[in-house]
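Chemist: Take the sequences, apply the hints, and build the full model.
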Amino acid sequence: MDRLNVQDEISRNKFKSLVLVGIVFLSLIFLAYAIAQFYDPASAYLFVTVALIFSLLFTIFSYYYSDKIVLASVRARPANKKEHAYLVNVVEELALAAGISAPKIYVIDSDEINAFATGRNYEHGVICVTSGLMNILNRSELEGVIAHEMSHIKNYDVRFATLVAVMVGMIIIISDLFRRSLWFGGGRSRDRDNKGGGILQIVGLVFLILAPIFVKLIQLAISRKREYLADSNGAFLTRYPEGLASALEKIKKNNKGELKVSRAVASLFIANPFSAKKVAEMISTHPDIDSRIKKLRSM
Amino acid sequence: MIWILLALAVVIFLVVVSYINRIILLGNRVDNAWSQIDVQLKKRVDLVPNLVETVKGYMKHEKDAISAVTKARERMLGAKTDEDRLKANSQIAGALKTIFALAENYPNLKANENFMMLQEELSAVENKIAYSRQFYNDSILMYNNLVSTFPGVIFAGIIGKEKKKHLEITAEERKPVKVKF
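Taken in sequence, the protein lines are chains A and B.
Numbering-wise (our numbering), the first sequence opens with residue 1 and increments by one.
Numbering-wise (our numbering), the second sequence opens with residue 1001 and increments by one.
Rather than coming from a laboratory, the hints here were simulated on the basis of the structure.
Just so you know, these numbers come straight off a predicted model, no measurement behind them.
Where hints are given, some of them may not hold.
Facing chain A, a subset of chain B residues (Cβ under 7 Å, in silico) [to be verified]: (1) Trp1034; (2) Gln1036; (3) Gln1119; (4) Glu1120; (5) Ala1124; (6) Asn1127; (7) Lys1128; (8) Phe1135.
Here are the simulated lysine-lysine pairs, DSBU-like style, with alpha carbons at most 30 Å apart [unchecked claim]: (9) Lys82(A) <-> Lys1110(B); (10) Lys81(A) <-> Lys1110(B); (11) Lys1071(B) <-> Lys1165(B); (12) Lys68(A) <-> Lys252(A); (13) Lys82(A) <-> Lys1097(B); (14) Lys1080(B) <-> Lys1164(B); (15) Lys82(A) <-> Lys1043(B); (16) Lys81(A) <-> Lys1080(B); (17) Lys104(A) <-> Lys68(A).
If you anchor each label on the Cβ, the simulated ranges turn out as follows [unchecked claim]: (18) Ser11(A) <-> Val1015(B): 14 to 20 Å; (19) Lys253(A) <-> Asp1038(B): 39 to 45 Å; (20) Asn80(A) <-> Lys1043(B): 53 to 59 Å.
Backbone N, C-alpha and C define an ideal beta-carbon position, used for all residues, glycine too.
Modeler: In structure tokens form, the structure reads like this:
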């Protein structure tokens, strides 16, 4: 039964990754078209051609390098067996439990308790934890957290989530750039008075503003469910749900939201890296910790 | 008509191939899972002499406990069948637990860095054995379900594959470990 669920989840994640790549690819081209309509409709073909080449390169680059981009953006360093024997052992143990090759391990220097997994497949899995997590959690709690991350890798959640983080993160940055240039230097184009492209201009503009929000919403819709799923799959690996439950409790008590990471990668983490106040401002990317603990305890 | 028959033949062929491939794939996974357990068993056998060496100097009055570990290790090395190996393995596990429990009485030993390192490594190996057995049993369950239910059972018969045996917990393991002081 479990096998079927995992298999379903893997195909779903692979499919979702493909759809995401497709959406981003087309969005970029549409974006280029909208920008061209806004500034100079005559050069739309040029814009779209450039966008096509750019999107292609961007997609390939994202697929192969998104894990490295994420790791660099959180300033993580590789763990070594000498310094982190305990952590390395726990990761190797749970890789055996999951029946996949042991992922690479990275550490972020921070007093916060947090962790995430990334990578594109079993051979390129990565688990990254904060030094606070190693110092504060006991062994069964650490096992609980690592098992949760291992399930993300096993389910191919990491491929989709990492692609979302990098590709969507990139879209936010690009459309932000365009919006900024509109506020500061965009006045000129309005003088040109292009009636033909008027409607498209507005549509393009609306799309520009809505696109990041829209993709963000998709990301939010997924991440809540996948956290619950990884919680229960992780508990299935350790056969001990209490380990993760008590780790989540410590996360709730200890974390102050001081982990400095980009909003684009926040959804990858086991617990939201931002403080409750900030989370309320930007719509939570994570399910409520209390309800996760409750679910684990009722297993 | 001929085309319909031909299409039907192709579909049947594809189904047969996919089932047989799946049986072989899952069977390989079971074998691979077993070799993962074996790797850990060997690792533990290699670590034991180091532990004995470290402990000997401190635990002068615990000759029985130390020789129990050494004997269990020798039995493991001499084991011919997988079953023997597993039995010897649970003996090593029990003997090691006794050593670590006794070590609580020797503060100097407990503070020894080498000992602390070995204790971490050995308990990690113990967990790895447990987890790889868990995965082995899960894999076997999947494999057995496939080769014993319809229509997998037919294809398994064709290529001569049968159900595989689960790793049972031995009677020794089910007993709580007795620690003699």
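Chemist: Evaluate each hint against the coordinates.
Modeler: Verification of the hints:
For Trp1034(B), the shortest C-beta to C-beta distance to chain A is roughly 12 Å, which exceeds 7 Å, and the interface hint is violated. For Gln1036(B), the interface hint holds, since its Cβ comes within 7 Å of a Cβ in chain A; the closest pair sits about 6 Å apart. Look at Gln1119(B): its Cβ only gets to about 11 Å from chain A, farther than 7 Å, so that hint breaks. Interface hint status for Glu1120(B): upheld, as the beta-carbon distance to the closest one in chain A is roughly 6 Å, under 7 Å.
Residue-level restraint check for Ala1124(B) holds (minimum Cβ-Cβ distance to chain A is 4 Å; threshold 7 Å). Of the supplied interface hints, the one on Asn1127(B) holds, with its beta-carbon coming within about 5 Å of a beta-carbon of chain A, less than 7 Å. Because the closest C-beta pair between Lys1128(B) and chain A is about 5 Å apart, less than 7 Å, the hint holds. Annotation: interface hint on Phe1135(B) holds; nearest CB of chain A at approximately 5 Å, less than 7 Å.
Between Lys82(A) and Lys1110(B) the CA atoms are separated by roughly 19 Å; this keeps the pair inside 30 Å, and the hint holds. Proximity of Lys81(A) to Lys1110(B) is assessed by CA-CA distance (about 21 Å); at most 30 Å being required, the pair is judged to hold. A distance of roughly 28 Å separates the Cα atoms of Lys1071(B) and Lys1165(B); the hinted pair therefore holds under the 30 Å criterion. Of the supplied pair hints, the one linking Lys68(A) and Lys252(A) holds, its CA atoms being roughly 28 Å apart against a limit of 30 Å.
With a C-alpha separation of about 25 Å, the suggested pair Lys82(A) and Lys1097(B) falls inside the 30 Å cut-off, and the hint holds. Between Lys1080(B) and Lys1164(B), the direct Cα distance comes to roughly 19 Å. Compliance with the 30 Å bound is thereby established for this hinted pair. At most 30 Å may separate the alpha-carbon atoms for a hinted pair to count; Lys82(A) and Lys1043(B) meet this at roughly 18 Å. About 34 Å separates the Cα atoms of Lys81(A) and Lys1080(B), which puts this hinted pair outside 30 Å; it is violated.
Proposed proximity of Lys104(A) and Lys68(A) is supported: the alpha carbons are some 12 Å apart, at most 30 Å. Between Ser11(A) and Val1015(B) the CB atoms are about 19 Å apart, so this pair conforms to the stated range of 14 to 20 Å. For Lys253(A) paired with Asp1038(B), a C-beta distance near 42 Å keeps the hint of 39 to 45 Å intact. Evaluation of the 53 to 59 Å hint for Asn80(A) and Lys1043(B) yields a failure: the beta carbon distance comes to about 19 Å.
This entry does not satisfy hints 1, 3, 16, 20, going by the numbered hints stated previously.
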